[in-house]
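Asker: Given chain U, work out where chains P, B and G with the ligands should sit, using these hints.
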Amino acid sequence: MLEQKPSLIHRCQLKTNEQVTGTWHCLKLHAPDLCGARPGQFVHVRVGASSDPLLRRPFSIHHVVAEKNEIWLLVRSVGAGTELLLQARPGAVLDLLGPLGNGFPVVDEAAPALLAGGGIGLAPLYYLAWLRRQAGLPFELLIGAASCSDLPADDYFAAQDLHPLYATEDGSHGYRGLITGLLEQRLREGTPPARIHACGPLPMLAGVVELGRRFAVPTHVSLESHLACGVGACLGCAFPFKKGGQIEYRRICKEGPVFNGEEVCFEI
Amino acid sequence: MLEQKPSLIHRCQLKTNEQVTGTWHCLKLHAPDLCGARPGQFVHVRVGASSDPLLRRPFSIHHVVAEKNEIWLLVRSVGAGTELLLQARPGAVLDLLGPLGNGFPVVDEAAPALLAGGGIGLAPLYYLAWLRRQAGLPFELLIGAASCSDLPADDYFAAQDLHPLYATEDGSHGYRGLITGLLEQRLREGTPPARIHACGPLPMLAGVVELGRRFAVPTHVSLESHLACGVGACLGCAFPFKKGGQIEYRRICKEGPVFNGEEVCFEI
Amino acid sequence: MRSDPRLSLNLAGIKMANPLIAASGCYGYGFDYTGFVDPAEWGAIVVKGTTLKPRAGNPPPRIVETPAGMLNAIGLQNPGVEYFLEEIQPRLAGLGCPVLVNIAGETLEEYCQIASLLDGVPGVSGLEVNISCPNVRRGGISFGCDPDVVEDLVSRVREAYRGPLVVKLSLEAGNITAVARAAERAGADALSLINTLKGMVIDVGRRRPVLANITGGLSGPALRPIAVRAVWETAEAVSVPLIGMGGIRTASDALEFIMAGATAVAVGTANFVNPLSVREITAGLLRYLEQNGIAHYSALIGAARNER
Amino acid sequence: MRSDPRLSLNLAGIKMANPLIAASGCYGYGFDYTGFVDPAEWGAIVVKGTTLKPRAGNPPPRIVETPAGMLNAIGLQNPGVEYFLEEIQPRLAGLGCPVLVNIAGETLEEYCQIASLLDGVPGVSGLEVNISCPNVRRGGISFGCDPDVVEDLVSRVREAYRGPLVVKLSLEAGNITAVARAAERAGADALSLINTLKGMVIDVGRRRPVLANITGGLSGPALRPIAVRAVWETAEAVSVPLIGMGGIRTASDALEFIMAGATAVAVGTANFVNPLSVREITAGLLRYLEQNGIAHYSALIGAARNER
Ligand SMILES: Cc1cc2nc3c(=O)[nH]c(=O)nc-3n(C[C@H](O)[C@H](O)[C@H](O)COP(=O)(O)OP(=O)(O)OC[C@H]3O[C@@H](n4cnc5c(N)ncnc54)[C@H](O)[C@@H]3O)c2cc1C
Ligand SMILES: Cc1cc2nc3c(=O)[nH]c(=O)nc-3n(C[C@H](O)[C@H](O)[C@H](O)COP(=O)(O)OP(=O)(O)OC[C@H]3O[C@@H](n4cnc5c(N)ncnc54)[C@H](O)[C@@H]3O)c2cc1C
Ligand SMILES: Cc1cc2nc3c(=O)[nH]c(=O)nc-3n(C[C@H](O)[C@H](O)[C@H](O)COP(=O)(O)O)c2cc1C
Ligand SMILES: Cc1cc2nc3c(=O)[nH]c(=O)nc-3n(C[C@H](O)[C@H](O)[C@H](O)COP(=O)(O)O)c2cc1C
Ligand code: FES
Ligand code: FES
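Chains as they are written, first to last, in the numbering used here: chain U, 12 to 279; chain P, 12 to 279; chain B, 905 to 1212; chain G, 905 to 1212.
Next comes chain U alone, as it looks inside the complex (with noise of 0.2 Å):
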């Protein structure tokens, strides 16, 4: 017989359900086994008790409230999954998974780290950002999206004293342009980084990785796929990385979703 872990399966609490903006949701949840999760880990939630949607739908640790053994999820809507999910009321049980997944790698390194978030990626960024606050290790935190009004109110990151900087494509809060725009700025012009955690869509990452080797910053990037089991053993995860000039297929739920940048291979 295998050696007992502790279980990975959690029925947990709503406690709230609270829109930031749009079309997201922050769920926090009364969940004492998953407060040790690390920053860029995910759970893996069933969304509804029939067959369609039939899967389990993903979501970063956006946060963890230890004291009050709660964590926290970011929720964009964006199709049936996710929808059914943020029906859910406080006192809804939850079922989920974890935490699962590797995590960012390099959490606590008292060299500066630049954080960069596109849109919904800036969910696993959240808890990192606040871990580094609470330590008193020196980061920034970017956060890009087409606009605004797409993203959570200033003070949806003041409440952590986090003060993230901001890039918006029409240029209505922070820098005008994409977050690696404002990325390449901030690379250019301020202290070098130790290095860059990035989380977002693939286009940006891309790009984040491109200029992480112009700048010769190491760059951790969290990969996002459908995924169905979300624990290694179904392989519909898969994603290539460069290894030795081959192409090798990695897991994004077992050995990610964060991955050496450098090994990505973003031509996909």
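Honestly, I wouldn't trust all of these hints.
Each computed BS3-like pair below joins lysine-lysine, with the alpha-carbon atoms no more than 30 Å apart [stated by the list, open to error]: (1) U/LYS265 / U/LYS79; (2) U/LYS39 / U/LYS79; (3) P/LYS253 / B/LYS957; (4) U/LYS26 / P/LYS26; (5) U/LYS26 / U/LYS79; (6) G/LYS957 / U/LYS254; (7) P/LYS265 / P/LYS79; (8) B/LYS957 / P/LYS265; (9) P/LYS265 / P/LYS253; (10) U/LYS265 / U/LYS39; (11) U/LYS26 / U/LYS39; (12) P/LYS39 / P/LYS79; (13) P/LYS26 / P/LYS39; (14) P/LYS79 / P/LYS26; (15) G/LYS957 / U/LYS265; (16) B/LYS957 / P/LYS254; (17) U/LYS253 / G/LYS957; (18) U/LYS26 / U/LYS265.
To be clear, the hints were calculated from the coordinates, so they are not data collected in a lab.
Answerer: Only chains P, B and G with the ligands this time, still in chain U's reference frame:
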């Protein structure tokens, strides 16, 4: 082009959803267009937006409160569809087709009527009884269940000035035994009724028809089956009937759900 | 909306206002849904499978729900072609859209007899030959599996019927493209696919099949990915137009079939769930055309193939 | 619970504590779910399809959800039989339940080579020969469709491997009972059915198939009625034990397959939804036995057939 009739599809707001007993709930809906429904007709209700469960679920018109633009459904939770429906909260908008089916053929005849409802089969008879009460026409409402705890409390009926005779298998309320036993007693002892209207499980209905035949009282029975379309298009709800020594299939949703008891072929 | 020129088509000689067809067996003779939508909102309606002699159909239960689908074992209940000609055909013109008659036989001869009885009948815009009904025990299924038998059958029906001839395929055969090619060779003007797939549900409490007929045909969204694939493969194999069906509920579902290569699409089970399906899908198609600056939906036929 | 004698069985020589099997490709090598349940709760585990040479698998996206189901196009990603023997096989004993290796080849010879490499290997309780994987373009699908080819293939694998031999069938062939009989004649000890059915989803926004591989295999509840029917028909055709699968989520689902004639059942996709499936299904089976006063689950095998 065909003559345009008033549409049979309605979006109705749920006003209240209250437990009546055990797994039975009464749903009150704002449904001005359905207030003309006859007793024994039904509505075909969409229970969820997903493809599982896929089909609508039929429910009898349980009551109409025309001055409030209100119809009532009495819903017993037996499976995935009814469970989902009973999760709907006041304010939710339900999608209903109706009124569908034929309803009880003779509602306002002055001669006395016996109305026999087995279990949730009392749903359509409640409204029929109420209409007769309003019109000052004689009737007796007989209700059967395994135990009185499976039935709504007396005041659920008394509130509409209805005072059923009960048959419970465990004798916890009224006659001890099956509703057909009570009906037989009643037919033997009371004033002969002009007809019997019945709704309930198939074996009960077979018994009712048998009694009707024995006591020479016409019977009208409301049949159930899984429905797909509910409007006569798919032939999925066919039930066998005797016609001139031959078997003929009729559609429960269209030619029924209420049929002349004599013609129903119970031996399937 | 229903006569928007951006959706009109000529399918094998049948002029249709839009590519939406009410699937056989799911819309009666077109009159059951008049309380919901004008039948003329459809591009065409295919009526219930019609046989030479009246058929009583199967005993109940005839339907059972399954995850994202349903099984039916109606057993081709229908009043027969003579009754159809006498009682139903005269009313069809009132529907305001082309009507196709779905036919099924138990022998080759029966198919031909029905076809000739329907030949030239006003109000009947074409035939859909069901070579694949999974609920008729004799004949039916066996016809549809063997390309040679299909070629023979369709050739003979082709001789008996001069109007537009659609042949309806199932996947049970395992070699749908071979059967499709056979039907094309034999003179089919269009192909419909797919018919339901044979399935069953067991009532574990009573330890017996739910359906009196034991098995029934699976329809509904559960079937959709299989049906889209069948259209994709068949579009590669033949050049006659295809009518795609299987689990279409929304405009997006319909577009999947069109982009896979279907010229028209049929909607069956979804009508039971939403009688306004035809209206909502038509509106959704037009919205897609607008949003993507496309002048006519036909530009999308096979679009998912063209890009490769 | 997992060693309850009311659920034990001997399947083609493999002693199993219960009739629940983790389906190939859905449970890795048995180690990925140890954070949820003890692998020994399974009657047996079938590991991911193994090929002679390592296979990188298909590019992403490899999966897409469908109504009550999902498509996968993993493309048999696996490290190859040599790696399996060196790195994985030594760890299998730790799982605490019988392990079968699912094998797939591109040629008859490959099947035989893998089979002989696995012959007599400790920790491998049997082979499941996948003659039906819909995602391998060469070979795969064609093997599984022709009864003669299947008979030849299975006979030769039978010679190369002396342990319990399970042959896994798909429905794509259209003639599953003929293929089943061929496999039985050739010496299969048991049959697994069904594998996934080929389907596709089109991204209508991008106007191309969602999966990089274009098509993928449909699994999950959507498939269940078709799979139950396949077991029902196959049970009539052969006398070797059947392993039924396709969309099993609950004890009631498992009972459908058993009552249709399956001796054991495999659970694939449901693990993704609920990693505790094995535990809950086992408990549900025992509850059914209790409620119905049945001493051993085997009394239910084919029970829905017996009553007719
Ligand atoms: C490790 C990981 C962490 C994630 N963290 C978060 C998070 O913190 N907050 C959040 O809102 N979302 C997060 N996501 C994405 C989230 O899982 C998807 O948005 C969700 O599964 C969509 O489900 P749906 O049923 O609403 O949409 P669907 O109906 O499944 O899809 C709607 C649309 O979104 C696209 N889509 C769906 N899932 C994904 C995906 N995983 N990646 C890319 N595109 C997708 C589809 O292609 C489709 O166009 C994460 C994903 C991963 C893999
Ligand atoms: C004309 C008509 C009027 C009805 N009126 C009412 C009503 O007023 N109140 C009410 O609670 N119910 C009524 N019913 C029954 C109701 O429609 C079913 O209980 C409901 O559809 C079950 O849905 P489900 O998804 O919860 O159950 P399912 O999961 O579909 O089924 C659960 C169990 O109930 C059985 N079952 C389901 N539907 C039926 C049915 N129609 N007939 C017999 N057995 C069935 C199934 O075989 C299964 O054993 C009526 C049915 C008809 C045809
Ligand atoms: C209740 C019912 C009855 C059907 N009867 C027929 C029929 O008589 N002839 C036929 O060719 N197809 C028949 N079909 C198949 C449909 O026309 C269609 O091919 C199939 O249902 C798939 O489409 P859908 O998923 O949109 O329903 C029937 C389907 C259903 C659900
Ligand atoms: C992601 C995934 C991978 C699979 N890989 C294999 C495989 O390698 N070999 C095989 O024989 N079957 C494979 N299958 C098929 C399953 O073993 C099973 O036959 C099928 O999924 C139906 O069962 P289910 O509905 O319970 O998943 C795979 C299924 C899935 C979902
Ligand atoms: S989702 Fe199954 S391996 Fe990653
Ligand atoms: S449910 Fe379709 S005809 Fe009655």
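Asker: Check the structure against each numbered hint from earlier and tell me which ones fail, lowest number first.
Answerer: Of the numbered hints, all hold.
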